[in-house]
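Protein chains in written order, with the numbering used here: chain A, 16 to 810; chain B, 25 to 389.
Rather than coming from a laboratory, the hints here were simulated on the basis of the structure. A quick note: this is a predicted structure, and the numbers were derived from the prediction, not measured. Every residue, glycine too, gets a C-beta built ideally from N, C-alpha and C. Warning: the hint list may mix true and false statements.
Stated by the list, open to error - Under the rule of at most 30 Å between Cα atoms (straight-line distance), these lysine-lysine pairs were calculated in the DSBU-like manner: (1) B/Lys294 <-> A/Lys501; (2) A/Lys56 <-> A/Lys123; (3) A/Lys501 <-> B/Lys353; (4) A/Lys76 <-> A/Lys17; (5) A/Lys56 <-> B/Lys294.
Stated by the list, open to error - Chain A residues, not near chain B, derived (Cβ > 10 Å throughout): (6) Ile120; (7) Pro356; (8) Gly402; (9) Ser521; (10) Ala570; (11) Gly587; (12) Arg642; (13) Ala710.
Stated by the list, open to error - Estimated spans, in silico, between C-beta atoms of each pair: (14) B/Tyr354 <-> A/Gly145: 47 to 57 Å; (15) B/Gln295 <-> A/Asp371: 52 to 62 Å; (16) A/Gly484 <-> B/Tyr354: 26 to 36 Å; (17) B/Ala106 <-> A/Arg711: 26 to 36 Å; (18) A/Asp634 <-> B/Gly386: 25 to 35 Å; (19) A/Asn575 <-> B/Ala124: 21 to 31 Å; (20) A/Val722 <-> B/Tyr354: 35 to 45 Å; (21) B/Ala328 <-> A/Gly484: 23 to 33 Å; (22) B/Val110 <-> A/Asp579: 34 to 44 Å.
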Amino acid sequence: MKITLDWLREHLDGTYGVDDVVATLNRIGHEVEGVENPAEKLAGFRVAKVLTAEKHPQADKLQVLTIDTGDGAAPLTVVCGAPNARAGMIGVLGLPGAVVPANGIELKVAAVRGVESNGMMCSSRELELGDDHDGIIELPADAPIGTPFADYSGAGDPVVDISITPNRQDCMGVRGIARDLAAAGLGALKPLDVPTIIGEGAPATEIATLDPEACPAFFGRTISGVTNGTAPEWMRRRLEAVGQRSISALVDISNYVMFDLGRPSHIYDRAKLSGALVARRARDGETVTALNGKDYTLTDTMTVIADDNEVHDIAGIMGGEHSGCSETTTEVLIEVAYFAPERIALTGQALGLSSDARSRFERGVDPAFLDDATAIVTQHILNICGGQPSTVTRAGTPPAEVRTIDYDPALSATLGGIAIAPERQQEILSALGFSVTEQGGRWQVAVPSWRRDMDAAPDVVEEVTRITGFDAIASVALPRTDGVAKPTATPEQLTERRLRRAATSSGFHEAVTWSFISEAEAAPFGGGAWSLANPISEDLKVMRPSLLPGLLAAAARNQNRGADSIRLFEIGRRYLSEAEHPTLAILMAGYKSARGWQAGKAAPFDAFDAKAAALALLDAAGAPADRLQVMEAVAEGSIWHPGQSATLRLGPKAVLAEFGALHPALTRAFDVDGPVMAVQIFLDAIPAKRASGPARAAFTPPALQAVRRDFAFLAPTSLTAAELVRAVRGADKAAIVGARLFDRFVGQGVPEGQVSLAVEVELQPVDKSFTDAELKAIADKVVAAAAKVGAVLRG
Amino acid sequence: MMSDIQAVQARLVDDINAASDLDTLEALRVAALGKAGSITALLKTLGGMSPEERQAQGPRIHALRESVTTAIASRKAALDAAALDVKLAAEAIDMTLPAADTPRGSVHPVSQVMDELAEIFADMGFAVATGPEIEDDWHNFTALNIPETHPARAMHDTFYFPDANADGQKMLLRTHTSPVQIRTMMTQEPPIRIIAPGRVYRSDSDATHTPMFHQVEGLVIDRGIHMGHLKWTLETFLKAYFERDDIVLRLRPSYFPFTEPSAEVDVGYKQEKGRRIVGGNGDDEGHAWMELLGSGMVNRRVIANCGLDPDEWQGFAFGVGVDRLAMLKYGMDDLRAFFDGDLRWLSHYGFNALNVPTLSGGISA
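Starting from the given sequences, assemble the full structure and let the hints guide the process.
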């Protein structure tokens with residue numbers, strides 16, 4: 016919402032400047048987004064008179080002018096190319112040092128074809144006052160020579176751009192802002208001049224509302240014998256200053272009253288109407304061409320103003336093109352209606368149609384301001400366009416009952432944090448249009464008709480505190496509980512924090528990537544369960560089913576920037592149809608270690624780097640690492656390399672993590688070079704640790720030293736290391752406390768289809784050392800257990 | 025005899041000390057102490073001596089053996105040491121050669137700042153709460169006193185899904201962390217003190233806006249809480265976060281449907297070398313105000329919507345951009361870079377794993 020200082024003075028008496036207005040508006044809750052002071056742009060331009068005009072001696076199209084600048088000094092010589100420059104005319108002179116608004120060029124004294132020019136006579140376009148560039152500006156003969164042009168033109172009126180919060184419809188007109196400023200002490204609100212119009216005869220068009228729910232009141236009158244020329248300059252200037260193009264007197268009047276008083280109205284060319292004009296529900300599929308030139312198809316949830324033949328107005332939002340006023344209009348119908356805000360909002364949303372009228376009606380215009388608004392619009396028309404008014408038809412009744420709020424003045428302190436004397440509160444409220452009646456310490460605060468936003472006592476607190484100023488709020492410490500602050504993190508939060516720091520310590524960089532990805536990126540991961548109806552682009556359309564697409568895309572960008580070793584991780588949510596799942600994903604691409612004088616060639620990451628990371632992080636997350644099972648075969652057609660990936664599970668169902676090499680087709684699709692390793696840890700699948708208090712179990716190291724024995728087996732290649740180790744480990748549960756595979760060999764000396772696997776077994780004696788016989792017995796059990804899974808002790 | 029022994033001793037010891045390698049030394053040892061060695065032979069003579077003679081000669085011969093043995097041992101040690109020196113000299117390597125890199129990771133600034141916030145607010149008794157990002161219309165809007173026809177909805181640039189939940193509520197991406205207020209009040213008994221950090225979404229993208237960003241919500245519900253407590257909390261938090269005592273706030277009346285009264289909070293800053301340095305009074309010379317966060321007293325309707333009695337419970341709420349807090353403190357200037365995963369950016373602005381914000385060690389890493 017823009018206002019000009021001059022326009023504000025129409026409603027607010029006082030000796031304030033634009034800076035006072037800006038500071039006060041910010042203080043009382045109307046944020047100023049900008050101030051435009053056109054006078055600054057026009058500094059250095061003044062009204063001046065051309066005394067003589069001679070042809071330039073060196074150029075046919077140029078003239079040499081002598082100019083009276085009005086300051087009593089000798090006339091200035093100015094070279095001018097405008098065809099309309101002539102002796103005796105009054106125009107606008109830019110002096111050296113002035114900056115031409117249209118192009119930013121600073122004027123200087125300069126020779127033009129050998130004649131010194133001491134300034135420039137300006138066109139409208141050069142001063143950004145219009146498009147005219149055919150000649151220089153011609154001012155009336157009585158324009159005072161020497162006056163700064165900003166003052167003369169009135170373009171010097173500063174424009175203040177205010178962000179009006181959605182609750183304050185009453186401030187979507189200059190008068191409402193003036194009222195707030197007056198309450199804040201900036202000046203005195205002038206009384207509103209409401210003319211008395213004596214109408215003759217009933218309106219020439221019958222008016223009715225057939226949809227009292229959406230349009231409870233439709234007031235109107237007709238005026239015959241009007242002339243629709245251009246609006247007077249003061250009105251046009253104000254409208255243009257606040258960004259409203261001047262169209263014609265009748266349209267400008269309606270707009271002016273809207274910006275002045277926050278009251279939209281509509282003026283129809285009565286010649287285009289046939290029969291009665293009524294507010295009614297639109298018929299499904301009914302169409303209208305609105306004033307913006309676009310066609311809208313309506314539904315029966317929308318309300319329109321229509322005559323016998325067609326729709327003339329999308330009620331409260333935008334008029335129809337057909338019955339708009341033109342230069343040929345001679346008889347008009349003024350509509351001043353009240354529309355239910357919710358209905359306007361829904362219709363506007365459904366049509367995707369914004370307008371100044373909609374933004375006011377959907378916030379709720381003053382329901383007690385229909386008669387006065389009708390009179391004010393009429394008076395402007397009579398003043399500017401002439402004509403004979405009819406009486407006013409009042410169809411329906413606006414919902415203008417007075418609401419009261421039960422209020423305790425102590426609330427300004429107990430809720431608002433500012434103790435304000437009750438008398439002062441009364442004063443503020445009455446300046447804002449509220450009236451207060453007191454009953455035993457409690458107040459009944461009557462809400463003015465224009466304050467639809469007022470709902471309950473806290474709203475009253477806001478009124479008295481904002482006008483007092485929030486600077487008066489003193490800081491008060493929150494009560495602190497006794498003792499040291501208690502821990503607040505939940506187990507899930509702790510897990511996440513530990514994992515983040517653990518992954519970072521292992522050399523991974525934490526990335527944060529978009530929660531939404533493209534459909535193509537989501538597809539290999541099973542597709543996105545959630546697809547936005549209004550994505551910002553196709554690239555950011557579906558909620559990610561995995562964190563890996565984001566990391567793959569980041570890896571590709573990093574490779575494009577020359578990165579050759581990529582370690583990334585992210586902790587965030589996957590969005591599946593039934594819930595959001597906290598997840599950690601790791602991605603490794605390129606070299607694990609660079610080529611070096613010790614290691615030789617650069618080493619790429621392999622699937623066991625992924626496994627190591629998965630196990631280390633699961634351990635950091637408190638998962639029971641010793642009970643985890645590595646299970647192969649992630650589903651077919653998956654994102655993983657079919658032979659170099661696996662899951663880590665607790666039991667067959669609880670998958671805690673997936674790890675391994677990503678499928679080359681997938682990495683290719685993401686334009687990532689080389690083998691890529693990845694891990695996904697499903698944080699919500701990790702079982703919660705049982706709380707057991709800070710004390711640990713007693714430390715009981717074995718009295719005797721453990722004994723190690725190595726066993727080498729030949730096994731079919733189908734036997735996994737895990738199966739063999741599990742068999743060996745279980746061969747003698749009392750004696751064997753550990754088994755670790757330490758060698759794997761395929762090749763010379765090992766038959767085709769077989770593999771040599773060597774396991775180190777750790778035996779723990781309890782009371783006394785093992786005898787040779789006992790060791791032999793245990794070894795036999797190990798060999799027997801291995802044989803059961805197909806492994807034969809190597810001879 | 026005695027002079028013989030002394031002469032033998034002197035010669036042997038000289039020879040031993042002159043031995044240039046272990047082989048020579050071993051030959052000398054065998055010649056003196058071996059089975060057929062000269063000292064062994066001397067020792068053997070003791071058996072044939074009379075007791076008196078033995079008493080006289082015994083100690084001398086044993087002393088001879090002792091001194092030769094000692095000389096051999098010390099010479100051996102010297103030769104071993106020399107040999108080790110030679111061996112070590114041969115093992116010398118250019119120690120300016122590079123060591124293998126230990127990969128260094130980094131914590132994202134958003135995570136670091138969230139940890140800082142958790143630490144600061146824990147000291148003030150605030151727990152950390154979370155909620156879903158795919159929200160329903162009721163939690164994101166209606167319960168927060170933003171009905172469907174409310175013009176404030178237009179300010180939210182909401183991302184919608186075509187889906188509805190079991191209650192027929194439209195599903196959307198939460199536009200703010202405020203729905204966590206609702207979820208918390210509906211499941212916890214007051215008094216409540218929480219912060220709720222997380223991802224939020226608005227259909228907006230330009231140099232200073234990304235369609236996804238991070239917010240932290242604060243909520244206090246208790247008896248007798250007022251705007252003064254809100255101001256203190258924000259001041260205390262910002263002083264701790266920016267680690268400056270000269271943080272000055274300016275509260276401006278504003279409007280949010282879910283708070284009443286509502287306040288925008290500006291913080292004073294000064295421009296230094298192209299950066300905004302938070303601190304000082306925005307009205308002072310060389311200073312200005314910048315909008316930092318929105319806040320207010322929780323609207324009675326919101327409290328009632330959550331099943332609490334607004335005559336008994338009141339409190340405040342605030343919301344602030346986490347990415348923006350990070351930028352102001354750590355000096356990043358481009359929000360979009362937060363979500364790019366550029367390793368160079370992450371290394372530059374990220375944090376060492378061990379820089380865990382703590383009250384005793386300092387909030388800033």
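Hints versus structure:
For a cut-off of 30 Å, the pair hint linking B/Lys294 to A/Lys501 is broken: about 36 Å separates their Cα positions. A distance of roughly 17 Å separates the Cα atoms of A/Lys56 and A/Lys123; the hinted pair therefore holds under the 30 Å criterion. Of the supplied pair hints, the one linking A/Lys501 and B/Lys353 holds, its CA atoms being roughly 27 Å apart against a limit of 30 Å. Distance check on the hinted pair: A/Lys76 and A/Lys17 sit about 43 Å apart at the alpha-carbon level, beyond 30 Å; violated.
For a cut-off of 30 Å, the pair hint linking A/Lys56 to B/Lys294 stands: about 28 Å separates their Cα positions. The beta carbon of A/Ile120 sits about 29 Å from the closest Cβ of chain B, which is more than 10 Å, so the claim that it is off the interface holds. Not every CB of chain B lies more than 10 Å from the CB of A/Pro356, the least distance being 7 Å, so the non-interface label is violated. Against the 10 Å criterion, A/Gly402 stays outside the reach of chain B, whose nearest CB is about 36 Å from its own CB.
A cut-off of 10 Å between C-beta atoms contradicts the statement that A/Ser521 is not in contact with chain B; the least separation is 7 Å. Against the 10 Å criterion, A/Ala570 falls within the reach of chain B, whose nearest CB is about 8 Å from its own CB. For A/Gly587, the non-interface assignment is contradicted: its Cβ lies about 8 Å from the closest Cβ of chain B, within the 10 Å cut-off. With a least CB separation of 27 Å from chain B, A/Arg642 remains clear of the 10 Å interface cut-off, as annotated.
In this structure A/Ala710 is separated from chain B by more than 10 Å, as the shortest Cβ-Cβ distance comes to about 24 Å. About 50 Å separates the C-beta atoms of B/Tyr354 and A/Gly145, a value consistent with the hinted range of 47 to 57 Å. Take B/Gln295 and A/Asp371: their Cβ atoms lie about 37 Å apart, and the range 52 to 62 Å is violated. Between A/Gly484 and B/Tyr354 the C-beta distance comes to about 34 Å, which sits within the given range of 26 to 36 Å.
Take B/Ala106 and A/Arg711: their Cβ atoms lie about 52 Å apart, and the range 26 to 36 Å is violated. Hint check: A/Asp634 to B/Gly386, Cβ distance near 29 Å, so the stated range 25 to 35 Å holds. A hinted range of 21 to 31 Å for the beta carbons of A/Asn575 and B/Ala124 is consistent with their spacing of about 27 Å. The hint said 35 to 45 Å for the Cβ distance between A/Val722 and B/Tyr354, and at roughly 56 Å that hint is violated.
Look at B/Ala328 against A/Gly484: about 30 Å separates their beta carbons, and that is inside 23 to 33 Å. A hinted range of 34 to 44 Å for the beta carbons of B/Val110 and A/Asp579 is consistent with their spacing of about 43 Å.
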